[in-house]
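Protein sequence lines correspond, in order, to chains Z and C.
Everything in the first sequence is counted per this note's numbering, starting at 1 for the first residue and increasing by one.
Everything in the second sequence is counted per this note's numbering, starting at 1 for the first residue and increasing by one.
Calculated from the structure, these hints are not laboratory results.
Do not take every clue at face value.
Said to hold, decoys possible - A few chain Z residues that face chain C, going by a derived Cβ cut-off under 7 Å, partial list only:
(1) GLY129
(2) ILE146
(3) ASN147
Every residue gets a Cβ at the ideal spot worked out from N, C-alpha and C, and that includes glycine.
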Amino acid sequence: MAKFKKKGEGGTPGISTASLPDIIFMLLFFFMVTTVMRETTLKVEVRTPMATEVAKLERKSLVSYIYIGKPIKNLQGIFGTEPRIQLNDAFATLQQLPDFVETERNSRNEAERPLLTFSLKVDKETKMGIVTDVKQELRKVQALKINYSTKKTDKLF
Amino acid sequence: MARKKRTPPEINAGSMADIAFLLLIFFLVTTTMDVDTGLQRMLPPPLPPDMPKPPEIKQRNVFVVLVNANNQLLVEGDWLDIRNLRKKAKEFIANPLDKADLPEKEMKEVPFFGMYPVSKQVISLQNDRGTSYETYIRVQNELAAAYNELRNELALSKFGKSYDDLVRLGDKEKTDAIKAIYPQRISEAEPKNIGG
Numbered sequence: 001m002a003k004f005k006k007k008g009e010g011g012t013p014g015i016s017t018a019s020l021p022d023i024i025f026m027l028l029f030f031f032m033v034t035t036v037m038r039e040t041t042l043k044v045e046v047r048t049p050m051a052t053e054v055a056k057l058e059r060k061s062l063v064s065y066i067y068i069g070k071p072i073k074n075l076q077g078i079f080g081t082e083p084r085i086q087l088n089d090a091f092a093t094l095q096q097l098p099d100f101v102e103t104e105r106n107s108r109n110e111a112e113r114p115l116l117t118f119s120l121k122v123d124k125e126t127k128m129g130i131v132t133d134v135k136q137e138l139r140k141v142q143a144l145k146i147n148y149s150t151k152k153t154d155k156l157f
Numbered sequence: 001m002a003r004k005k006r007t008p009p010e011i012n013a014g015s016m017a018d019i020a021f022l023l024l025i026f027f028l029v030t031t032t033m034d035v036d037t038g039l040q041r042m043l044p045p046p047l048p049p050d051m052p053k054p055p056e057i058k059q060r061n062v063f064v065v066l067v068n069a070n071n072q073l074l075v076e077g078d079w080l081d082i083r084n085l086r087k088k089a090k091e092f093i094a095n096p097l098d099k100a101d102l103p104e105k106e107m108k109e110v111p112f113f114g115m116y117p118v119s120k121q122v123i124s125l126q127n128d129r130g131t132s133y134e135t136y137i138r139v140q141n142e143l144a145a146a147y148n149e150l151r152n153e154l155a156l157s158k159f160g161k162s163y164d165d166l167v168r169l170g171d172k173e174k175t176d177a178i179k180a181i182y183p184q185r186i187s188e189a190e191p192k193n194i195g196g
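Let's have the full structure, built from the sequences with the hints guiding it.
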């Protein structure tokens, strides 16, 4: 079998690493494109409850978040442990909610405004009182599309 | 000046991979791949103050779920464990045996199904201000699950595919037909403080 004659003097040939930068760049671009920087620093503890019948939130740009939970450990000295609302980067009161809705609406273009969803990220130990108040405020300003943020699980019981 | 023509010196690209690695690791660390999931709901529009009284709904057509501050459920006047809520809700929504205390049915023209008895069910959910959010979500989830299971069963028997699959395939006509038979009607009462 002359065709399959052994070449060289044995030993393993070195693998060419010339294409390594290309591979790394490919990965790099992938992560650069998919990465979403966390815009808000959470000031409240939010552990969302579990649910089985969840749907994915499409179009992240059309979602605004409202966080409700008790303040994180470092802030409990100042703000206590009562659940609070956080909008963007700061604690907020119920009265600030309509303004928040208005600014969120204005930052989207005209056609997308009706599709704007408000996602409620609420800690599971929160009482419904504050959540109901938020829902009532949202109704008043006609922000009716909401989403209760939950984690997906296969079995609840 | 007789100078030799020089070729510009090659830039050493050997460290390129290292630079790329550095960036890659930065993005790997900062990236959050979490897809936000949740239960989507539409809030009812605010009530005008001079609203006429809504038409009375017959008692048998309403499935009343009350949740108190101790996270206990009162369903149709009886204490119920949350584990049994799904089964009970399914029985109520579909009313397969046409019981007199479960919702009435109305013959309606539905595409693919022809004339089909559609139940006039409404689920009314009311919670206390002291109810925990976790319980509230669990109740919402069980009620949504009841609807989804019924829709799946119906779709499977009629089209040989589950409702979820139909949604995934984007078969709008069929999913609309199924939705017409089992419309999700969960109404939340205006909040009031029941106490307890």
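Structure-based check of all given hints:
{"no.": "1", "hint": "GLY129", "verdict": "holds, 3 Å"}
{"no.": "2", "hint": "ILE146", "verdict": "holds, 6 Å"}
{"no.": "3", "hint": "ASN147", "verdict": "holds, 4 Å"}
In summary, the structure agrees with every hint in the numbered list given earlier.
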